[in-house]
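Chemist: Protein chains in written order, with the working numbering: chain A, 3 to 437; chain B, 3 to 437; chain C, 3 to 437; chain D, 3 to 437.
Since the hints were derived computationally from the structure, they do not count as laboratory data. One or more hints might be untrue.
Below, computed lysine-lysine pairings styled on DSSO-like, alpha-carbon distance capped at 27 Å [what the hints assert, rightly or not]: (1) D:Lys-237 with C:Lys-9; (2) D:Lys-237 with D:Lys-254; (3) D:Lys-9 with C:Lys-7; (4) B:Lys-259 with B:Lys-237; (5) B:Lys-7 with A:Lys-237; (6) B:Lys-237 with A:Lys-9; (7) D:Lys-9 with C:Lys-237; (8) B:Lys-237 with A:Lys-7; (9) A:Lys-237 with A:Lys-366; (10) B:Lys-9 with A:Lys-237; (11) C:Lys-366 with C:Lys-237; (12) C:Lys-254 with C:Lys-237; (13) D:Lys-7 with C:Lys-237.
Letter by letter, the chains look like this.
4 protein chains.
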Amino acid sequence: MLSNKAKVFRDPVHDIISYEREGDFGRLMVSLIDTPEFQRLRFVRQLGLASLVFHGAEHSRFAHSMGVAHLARRIFDQLHPDTPHDDPVRVATIAAALLHDIGHGPFSHAMERVFGMSHESYSYALIADPSTRLHQVLSFYDPDLPLRVAGYFESATHHYTKAIVSSQMDADRFDYLSRDSLMTGVEVGRYDLERILLMLGHDEHGLLADVRAYEAIEGYLIARYHMYRLVYFHKAVRAAEVMLQLMFERAKDLMNKGVAVISADSLLGRLMCGERLPAADYCQLSEIDSWAQIRSWSRHPDPILADLAGSLFERRLFRSLEQTIESPDHQREIERLEELVRERLTPEQRYLFVVDVAQDQPYKPYWPGQTLVGGAIRIRDRQGTLFAIEQRSPIVETLARASYRLRRWCFHRQLEPLVHQVLPAGPPKTGTPIH
Amino acid sequence: MLSNKAKVFRDPVHDIISYEREGDFGRLMVSLIDTPEFQRLRFVRQLGLASLVFHGAEHSRFAHSMGVAHLARRIFDQLHPDTPHDDPVRVATIAAALLHDIGHGPFSHAMERVFGMSHESYSYALIADPSTRLHQVLSFYDPDLPLRVAGYFESATHHYTKAIVSSQMDADRFDYLSRDSLMTGVEVGRYDLERILLMLGHDEHGLLADVRAYEAIEGYLIARYHMYRLVYFHKAVRAAEVMLQLMFERAKDLMNKGVAVISADSLLGRLMCGERLPAADYCQLSEIDSWAQIRSWSRHPDPILADLAGSLFERRLFRSLEQTIESPDHQREIERLEELVRERLTPEQRYLFVVDVAQDQPYKPYWPGQTLVGGAIRIRDRQGTLFAIEQRSPIVETLARASYRLRRWCFHRQLEPLVHQVLPAGPPKTGTPIH
Amino acid sequence: MLSNKAKVFRDPVHDIISYEREGDFGRLMVSLIDTPEFQRLRFVRQLGLASLVFHGAEHSRFAHSMGVAHLARRIFDQLHPDTPHDDPVRVATIAAALLHDIGHGPFSHAMERVFGMSHESYSYALIADPSTRLHQVLSFYDPDLPLRVAGYFESATHHYTKAIVSSQMDADRFDYLSRDSLMTGVEVGRYDLERILLMLGHDEHGLLADVRAYEAIEGYLIARYHMYRLVYFHKAVRAAEVMLQLMFERAKDLMNKGVAVISADSLLGRLMCGERLPAADYCQLSEIDSWAQIRSWSRHPDPILADLAGSLFERRLFRSLEQTIESPDHQREIERLEELVRERLTPEQRYLFVVDVAQDQPYKPYWPGQTLVGGAIRIRDRQGTLFAIEQRSPIVETLARASYRLRRWCFHRQLEPLVHQVLPAGPPKTGTPIH
Amino acid sequence: MLSNKAKVFRDPVHDIISYEREGDFGRLMVSLIDTPEFQRLRFVRQLGLASLVFHGAEHSRFAHSMGVAHLARRIFDQLHPDTPHDDPVRVATIAAALLHDIGHGPFSHAMERVFGMSHESYSYALIADPSTRLHQVLSFYDPDLPLRVAGYFESATHHYTKAIVSSQMDADRFDYLSRDSLMTGVEVGRYDLERILLMLGHDEHGLLADVRAYEAIEGYLIARYHMYRLVYFHKAVRAAEVMLQLMFERAKDLMNKGVAVISADSLLGRLMCGERLPAADYCQLSEIDSWAQIRSWSRHPDPILADLAGSLFERRLFRSLEQTIESPDHQREIERLEELVRERLTPEQRYLFVVDVAQDQPYKPYWPGQTLVGGAIRIRDRQGTLFAIEQRSPIVETLARASYRLRRWCFHRQLEPLVHQVLPAGPPKTGTPIH
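Only chain A is shown next, with the shape it has when bound in the complex (with noise of 0.2 Å):
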């Protein structure tokens, strides 16, 4: 029976998740999760703008934060079922995967571009500084902890733990994948992360599985790439994305010319002006405040801004026209269309106009001489030999040919006409038509 001192959470995701409160590695994790930063992530959503998308994905990076804890745990028990639960390399492990995300600001990867920061940056402050109930927490536990777990945030690091937590095949991948498929209610992000977890081994390169789980990584790799296209790149939520990059400009390049538009004192006004946040300060941060501050934008006297936020509170996207680029010559052949629109812009009509390019690519394969954590996903075949998955794979092959890039005009809907003109065909299409 579980204790009566354990902390039980349920999760939609992983349904139980326990900490016993009477052993010290237990006390640890409910002391991290009690502290104001940790808290903090109820209020940053894990998918930024894309609630406005996909209605069901409210979930913060809290319940996110708490399942790659939950399945890291999992994951080192499982590669060590008789390590005591206080040894120092699994605490460090955990409390790593806990605090991921501890520095991702409001709206994350969107923000970031507008302001110039990194939420790694961020990550290891609120760890290291010892003005953290953080750090407070981790030193308290162990003197060495706050360091050993900023050590996961960094490249320098080699551990082979470090895949837990990060990776082509980590916690955070296992956990996200699955809660924001649930959440959305895209189902092709599903895939057997059971079987997975249960065939994952390591050696001191990094995780590797056995060949029994071959078929279930081809799965969770599809599935990574279809909530890429479908989810993360989906043109509405990058939309909403280039919305909040352009309403912030408009607001930098206003107060630049001496236009009142925020609190100089504000954490946001703080950040508009370049400073970098003291670690106390940051955690104060969340979509309270950015929310706040668009609805307040939405009757701000310049209609511009005004519009941009008002645009975004009450969910008017941007138009969103995707350009396939079948060549160079195509390539260079939409660049000077995109000129062209750029030139016929009205001066304030540049805030509402965005090239916008999404790329990734769906799985990065095996080079000799790479350091493997973060590198190819390896598998042990039955006769013991490691290879990298898609030496074997035809389909995870194309994934790591198929790196992609999608090229997007995004703009106001008044534009609607100045684009048509220009790009009067509509896009060109691929494929030879077939009856």
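Mind docking chains B, C and D on chain A? Use the hints.
Modeler: This is chains B, C and D only, laid out in the frame that chain A set:
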């Protein structure tokens, strides 16, 4: 094939929800969804503060409302398979289902108690007030539609379709049980929705079900009972709600003493001054303001206000001690002890102790003369006889009798010594101890 | 990583069931599964004739037994996380769980009634008889193991681990409810297994559960209640079982009159002659023989035998008329009518009319002095007090009181006129008719 | 409400399947299900011997056929929402879907190879032969219906509705992938059926899908690919099928030598003598006979026949050694080794060694001039252009090229020394070993 013009939503509960924009009905629904009034529901969590306890339960009233409209459509179309999409009763019923929560503010019931407001009256206003986009969309479709839809929220209306939107077995409950149990991860909230839907019928008094859904309905009522016990009345959820009320009370008391607590022309400020907001303003109100205010108060000079707000924001919840009342004498004794506690509180501490009472009747049985809309769940047996389910089901008959009140002392941790002084022996126990 | 030597089974209910063949315990389990006695269970359907009504319910006792062993292992290991795999009590408990149905013949309870045999005594024989491969595998592992395992099937045994295999909340019921509800498609049979498993504990009297599983256990008992009502006691399922019994009765009567009906040295023939089969022969017995015999009888010269067998084989089931008994007087009246029907039957027709009574007590409550293994379900509350669940749960208290008998007239379609002559008005109705 | 007359089936895959018996169409379907010919399918397992390997996969062709008819109805009604239930094309399509497997014998493909028979020709016979109940039910509904339904099983037919019953994306595959993956527990076989169904359209050449189902179809084709690799071509499943064939070969050889092996007038005996069974007899044939015969042969005086039969019955399967062919030279080398093994076998041992070849092309691409029924999967993009999915999907293009042959040596355990003598080094390995 779904037409190119169809608007497709993916949903974690119902998978695919779609509206054909080629038809008037579909266009109306999409237009209603696109109104700022409906979009606002994205910023109001369905379960309010419960996500502090069930971290997965971060879904909004937007998602829930989408589900209710979808289920109302399924129910209506199953009752009337040959009715055209644009039938006025069909349109009004489904629109009413979509909009049934339109007047909900943030943290819903907790906030309503604080401000003495009712979401029903705001629902009415948002639909009936000609200044709202919602009203305009409805009346553009049909000048009578706003009033017809608003009628679904009035107790005076008796059309049987009202039971689809609001009764003991309605689209609202069907959706929230399914959605809340999925999101919280509390599996006991699941039940056999498909079986019930297939077996629904109606007469002029409301809905009824074929006896082949008898067990599924028992299961549904048990699921509802369990969700109240485990989620909606969870002691930590109620503790958070109590804290929210105390925080606002403290703020109001300070305001009355002339202490600056809030900008008087902010939405929350106006509500705190007892103003009834016009529809246009009300639909600006969401959790964004509330959380921003809570965070701001967490730095207020008043230590009590700051403590309550900060504790909510960083999730340091009140303790909760359940008092199982065993007899009228026992109740008097408990009330005496509560008085004793209150007497020993300093004036400031009275914001730190509350007796919280949650009560529910898991099922409301039939009584002769009732209007059946909202009344007992009626079953038609193989011989065509109608009966109220509790007349033959010992399970439901038990639920009808099982009204309960959960009486809990909710208090700040700092009051723990005081409480345990007054109540030294722990709560009394029910039941004969067995080996 | 699961070792190369692990035997992995995929299961529709439990996903992955695996046994490491590197350890003695795992090798024993795989060897037990490989015995002809256990393999025989592939040819005995878990629900017997119910698959004639629920076409998905074609799963065998083999699959069910695999699931019960898996759950017994999970329960044991959760009670004793540090016990070695080869601990004798652990091994005996899990082996007993695997073998709990080993003595079941085809169509189980229906057939047992016909031949006056008990599967428990055959279970005992198959394990205890030194000629069986099962016995040899068990005693090769440990000479005491056969008797220790067999002890789990005797009422004299009181070790608390027996409750894992056989009680009101055991691995057997956990598996069959989950499996039967999945396979039949009857969703109401689902319940929150994971929650219950996590909260199980034990003392020397048997299993008990933490109060945090209280609602999950209520749900589990309701699920069992509903599965009996909807599946195990389904009127068409019972009608098929009645037909099977009548067919064998007719065959025996013909045999007694000297008519050739079956080869006297076939397994079924020997059973019909009242022989108790030796273990080695019994384990040849499966549905194969039975269905082959049924099909053969469908062409028998005796028209009654041929009709009963052919009707079973081609699924033309008896009519079933439920008699809801409302009072002792009413019961006497019904019995009088049954007598009346019987009087009017020709001698041949007496094989075409049966009064079938199915009864169950959905939950057996605590009574002082009971041995708790198999007794009430005990809960431990937060204060450490043990109580029987019905002492605090109105739902379970209702189930304990809700013993019921379903009395049905099952008869061949050709008797329909006769039955309706005797019983012209349709069965009486319960409940006050309401509008 | 579903009418009292509706026949409701619960199904583990599709939940509820129902036919209204008030309409002609519904009555026809229920009558078809009730024929002895269709009821026979209860005794033919969908996956034949695969249940020896995947213990959950015990479902019959009856359950599968119910699912196919249900899906065919959903597809048809989604293509033609306003077509009346009794439309002749609709009726023929759905009836054909129900009956598409009606001619399948036990162990299907394995048995067909042994007896040189084809289930398609028996399907035709069972429908076209006026002596069958099936024919009578069909022609009672409409004298043309038997031939119209039978037309769906002929290659000469080109009506687009044939693609619903038989194509690369048909109701048959939709059901068997869903059902087999659920029952085996092999999760990778799941895919997003609902999304595909919603997006299906048609033209006169067959089905097509909107581009919004593009990823779901990729997922479906990957699921099919994985099910072949993991289930249908599982080495132990194939080993069991090989054993079945060898057993029948041995029996035939003995029969030809005059040894008594089977009653010449039994169904299997007549098939072994090369007789084509009349429809009325064929529909007596099921796994009952086959398993009874296998068990009987397990006690046959011929040791080879007895060993093969007993090994199947008690699941002692052949060893299987996969030979990965790397080049034409390598193939010649392997064939030379196979010859070497065969030379060393005693005459009896030739029943104990087989080279088994399983091959599949996971997707058949478009070629100009193809008849599209059964041809490539066609997608309609947003501009209305039709393309074959492999023209734009690198994943499907890879599947189209990924034809594969699995070459395995299957042999009795007693031949292990001999095989390892010939093939000492283990199979060659593909791929560059990596660290």
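Chemist: Output the numbers, in ascending order, of every earlier hint that fails for this structure.
Modeler: Hints 3 and 4 contradicted; others consistent.
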